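Chemist: Chain by chain, the residues:
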Amino acid sequence: MRQSSEGLLLPPVALAPPRTARKRSLQRRRSRAAWLLIAPAVVLLAAVAGWPLARTLFYSFTNAVLDTPEEYDFVGLANYLDLAGGERFGVLADPLWWQAVGNTLWFTFASVSLELVFGMLLALLMNQKFRGQALVRTAILVPWAIPTIVTAKMWGWMFHDQYGVVNDLLLRVGLIDTPLAWIAEPGLSMWAVVMADVWKTVPFMALMLLAALQMVPADLYEAARVDGANAWQRFRRITLPLIMPAVIVALIFRVMDAMRVFDLIYVLTSNSEATISISGYAREQMIAFQEMGTGSAASVLVFMMVAGIAASFLWIGRFNHEGKEGKA
Amino acid sequence: MTRTLLAAGLAAALHAAVPAAHADTLKMECNVSGPWKPFCEHVRSRFEAETPHKLEFIEMPLASDEKLSLYQQIFAAKDARAVDVLFIDVIWVGLLDKHLLDLTDKVSDLEPAFFPNNWRNNVVNGRVKAVPGQVDAGMLYYRKDLLEKYREAPPTTWEELTRIAATIQEAEREGGHKNFWGFVFQGKAYEGLSCDVLEWIASYNGGTVVDAQGEITVNNPKAAKALDTAAKWVGTIAPKGVMGYQEEESRAVFQNGDALFMRNWPYAYLLTQNDSSPVKGKVGVAPIPKGGPDGQHAATLGGWQWGVSAYSKNPDAAVKLVRILAEADTQKRAFMLLGIPPARIESYEDPEVQAKAPYLAQFKEVFANAVPRPATATRAQFPKVSKAMFNAGYDVLSGRATGAQAVADLEGKLKRIKGRDWK
Amino acid sequence: MKLTRKQRAFANQLWIYLAAFVVGVICVFPFYNAVLTSLRTGQELFLANYLPTTFHWENYVNALGENGVGRSLLNSFVVATVTVGMCLTVSITAAFALARVRFQGRKYVLFTILCVSMFPQVAVLSGMFELVRFMGLYDSLGALILSYTTFSLPFTVWVLTTFMRALPVELEEAAIVDGAGLWVIITRVFAPIMGPSLVTTGLLAFIGAWNEFMFALTFIISNENRTVPVAIGMLQGTSQYELPWGHIMAASVVVTVPIIALVLIFQKRIVSGLTAGAVKG
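Residue numbers (the working numbering), protein chains in the order written: chain A, 8 to 335; chain B, 11 to 433; chain C, 323 to 603.
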């Protein structure tokens with residue numbers, strides 16, 4: 008059974024020639040139809056999302072202020088980097104920005120890897136048949152279902168150094184002997200944020216991976232089992248390659264969301280410089296300091312970083328794909 | 011018949027010629043779906059009785075910065091229909107200055123009725139932009155029973171506080187109360203820490219970081235000493251976790267009976283006297299300690315003010331509403347209903363108020379001497395100033411900088427923020 | 323000592339049940355904590371207790387009553403449902419085009435759609451605010467529906483495209499031989515098989531729309547139109563500092579229960595045994 012990932016349409020052999028001319032006009036009709044089909048999505052995005060994004064780009068070159076956006080001057084790239092007068096100004100010259108970049112990259116790496124691993128395990132679990140599977144599947148989605156602000160505040164209390172559940176459990180089990188100051192110590196607070204985020208987002212990954220697992224035909228497993236392959240081999244040779252496209256998409260979206268994290272960090276650790284994220288930085292510039300110019304510049308930089316990372320994922324994914332194509 | 015028709019026609023013409031009294035609907039900020047409801051309704055009934063206009067309420071989020079950013083969006087859109095009378099934080103007057111109606115000519119007669127510090131805080135460039143509604147100031151809470159037990163008096167200086175806290179903490183721990191601490195306050199990196207920092211610095215006579223004329227005064231040895239004193243508390247009489255505490259987290263520790271002293275706002279008092287509170291009846295309040303015997307009792311001024319949107323369609327009616335809100339009776343009602351300290355001085359003399367809250371007499375002194383944050387002087391740059399302040403505090407508390415380094419750094423940062431002048 | 327087939331199967335089942343138990347506990351524990359907290363009041367709110375100590379139902383009465391989140395539940399439900407409906411409709415047609423038809427610029431369209439999701443929400447906020455006011459949608463549910471649909475589209479389009487790509491070509495070819503037009507192919511052939519992915523995407527989009535906070539806070543100012551997260555955010559005590567934790571937890575439980583119910587209903591469809599049976603024969 009051939010699986011085509013490029014959607015190449017080959018007309019059935021039964022059709023009469025001239026095949027090439029027929030194929031081309033069919034292709035063209037389908038191309039036109041395709042554009043019609045994607046038109047609603049593209050139009051909606053261009054009209055609704057396009058405006059705010061273009062506006063952000065525009066304002067990043069001005070020195071506008073949030074509550075009087077109509078008064079501004081053009082400052083070119085000064086919001087990004089300004090080397091005039093000996094002192095360096097601009098987002099790229101701000102050590103806090105680079106601190107935020109470091110924080111965000113670390114956070115993204117830590118939470119997405121943990122989410123991938125746990126998500127995969129959970130998806131495999133949900134894929135099994137056992138009594139009470141409905142309950143378990145529902146239980147797994149509970150973290151994702153709670154609103155983020157509630158989750159953040161809830162974990163904030165759970166991490167309270169004197170009365171929090173986390174310290175309480177750790178003390179009871181004997182892993183620590185004095186309460187840890189999860190929120191106060193910069194090193195620990197990042198881990199607290201990661202834990203809260205992993206708890207909240209693993210259901211998302213698990214669900215995506217489960218949907219991908221569903222697309223793998225069961226008879227492939229049967230055939231492999233008959234051939235004597237064990238669980239790990241089945242996983243590596245059959246499951247992984249087939250769900251790879253879905254894994255890459257899930258990863259891309261998770262990475263994009265993790266790079267743009269704001270709520271969790273803000274609620275748990277407020278404006279601490281040790282844990283501020285790049286979105287937090289942009290928001291601080293824009294909303295707290297009302298500097299629409301700098302805030303927009305920071306947002307554009309966030310976009311560029313995220314775009315770069317997403318593009319690399321796609322490139323790796325395509326490479327992986329084409330490799331498989333070659334083999335097939 | 012023609013005559014009646016003519017008469018009717020004439021009446022109609024006259025009616026059309028003379029403009030009818032225009033009844034507007036004003037929008038006031040009041041959280042009508044919470045405990046504030048009776049207060050909001052009362053204000054509405056008064057407003058609608060005394061003017062021909064109607065009053066509607068809009069609700070705003072709890073968190074201060076979310077509220078501020080919402081207002082900024084609304085003002086950026088110059089929306090006249092969104093809100094007319096708003097309740098703004100004491101530190102926003104300078105920030106929102108250009109969007110607030112100039113009330114100078116219409117409310118200056120009210121000035122003597124309010125605490126001078128509070129009133130001055132609302133005056134930007136000589137123009138009155140808001141009228142005090144509710145007042146707040148930092149206080150020192152202490153455990154009466156424990157101080158009695160160890161025969162100590164409430165501390166008047168930070169040095170006394172440190173000594174007493176250390177002694178009693180050790181004694182209590184030896185007595186079996188393992189997680190007892192001497193002092194809890196707000197040490198997280200947020201606006202609340204700026205309040206605590208200001209109190210420390212001002213109590214040692216180190217100034218107010220930026221003075222009322224806009225001069226940066228923070229780089230002085232007294233301010234440095236203040237921060238160093240505070241840094242010594244973390245890990246000794248205050249848990250390390252205090253650097254993750256906001257108001258509620260510190261209240262939790264004190265209310266549970268696990269702390270001897272707490273610095274917090276007046277709202278916490280009523281909650282500690284709640285029936286389920288383990289420290290009910292054991293709590294006393296005192297002014298924030300001085301920095302050394304020749305320091306001063308410096309409490310940071312908080313509270314909320316009533317302002318009028320500059321884009322309001324009916325400013326006169328809005329000002330009338332503000333005047334109603336500024337009356338002693340209205341403010342007293344807010345207090346009786348919700349326990350929030352009124353901004354009007356004479357309310358403190360009211361026998362009903364005194365009966366309900368005898369502790370308020372003590373608070374009055376504190377409010378009268380409260381120190382405002384340099385928000386009005388630094389205008390729209392205050393968020394950056396505040397951020398620099400609490401980061402300086404945080405650095406010293408966490409041991410990353412000494413007091414002297416931190417205040418020098420802070421001065422540098424503030425100079426950069428100020429540029430040529432505060433705008 | 324090698325285990326017999328039966329013993330191995332038993333061990334397998336044991337592992338699965340153990341894993342299921344651990345996972346269940348970890349996922350549900352904070353929520354369980356929330357439920358416990360919602361039944362407490364006063365000082366007990368702050369302490370760590372693992373078993374219910376008191377049952378203060380007033381928190382729930384408050385949460386559902388006039389001052390609570392009752393009305394917002396309805397608003398959120400409307401917004402989320404319409405958003406998901408529009409998203410899925412627009413996405414499935416777009417996904418078909420992007421997955422099954424080779425046309426010029428396909429890759430660029432895909433990447434551009436993705437780019438929308440790369441900006442921090444705060445950047446989009448003031449622009450959207452202006453747009454919403456311009457279109458006269460300020461303070462109406464329409465503003466939320468429009469913004470949620472737009473910002474959920476990249477996700478739904480990408481996910482459905484990916485899953486559609488994995489569908490076998492033979493299905494489509496068979497349908498074409500049977501003389502089916504594009505629309506029929508999409509609705510009669512693909513949509514049923516894509517069941518699990520549609521349900522998954524729909525659920526995730528629904529929950530995303532249900533829990534969104536920033537736009538809901540900025541675009542809606544009157545009480546009647548508020549959605550759930552903002553309604554919870556507005557729960558307050560008498561002062562700006564006090565956090566009525568018991569009420570908030572009760573309200574959170576109240577708003578999470580419909581989602582859990584929704585998941586319970588749909589969780590079967592998430593794993594409807596999709597096999598290649600559709601292609602056989």
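Treat the hints as calculated values from the structure; they're not laboratory data.
Be aware that a few hints might be false.
Calculated lysine-lysine pairs in the PhoX-like style (CA-CA distance at most 25 Å, straight line) [said to hold, decoys possible]: (1) 242(B) / 188(B); (2) 242(B) / 232(B); (3) 136(A) / 328(C); (4) 136(A) / 429(C); (5) 77(B) / 108(B); (6) 108(B) / 292(B).
Bear in mind the structure is a predicted one, so any value in this text is a computation, not a measurement.
Chemist: Hey, residue 77(B) versus residue 108(B), does the alpha-carbon distance stay inside 25 Å?
Modeler: With Cα atoms ~17 Å apart, residue 77(B) and residue 108(B) stay inside 25 Å; holds.
Chemist: Are the Cα atoms of residue 242(B) and residue 188(B) separated by 25 Å or less?
Modeler: holds (21 Å)
Chemist: Measure nothing beyond the straight line between the CA atoms of residue 108(B) and residue 292(B); if it is 25 Å or shorter, mark the hint as holding.
Modeler: violated (47 Å)
Chemist: Between the alpha carbons of residue 136(A) and residue 429(C), is the straight-line distance 25 Å or under?
Modeler: violated (39 Å)
Chemist: Hint check: residue 242(B) vs residue 232(B), CA-CA at most 25 Å. Holds or violated?
Modeler: Roughly 16 Å between the alpha carbons, so the hint for residue 242(B) and residue 232(B) holds.
Chemist: When you check the alpha-carbon spacing of residue 136(A) and residue 328(C), does it fall within 25 Å?
Modeler: Satisfied, since the Cα-Cα distance of roughly 17 Å is no more than 25 Å.
Checked against the numbered hints above, the structure breaks hints 4, 6 and satisfies the rest.
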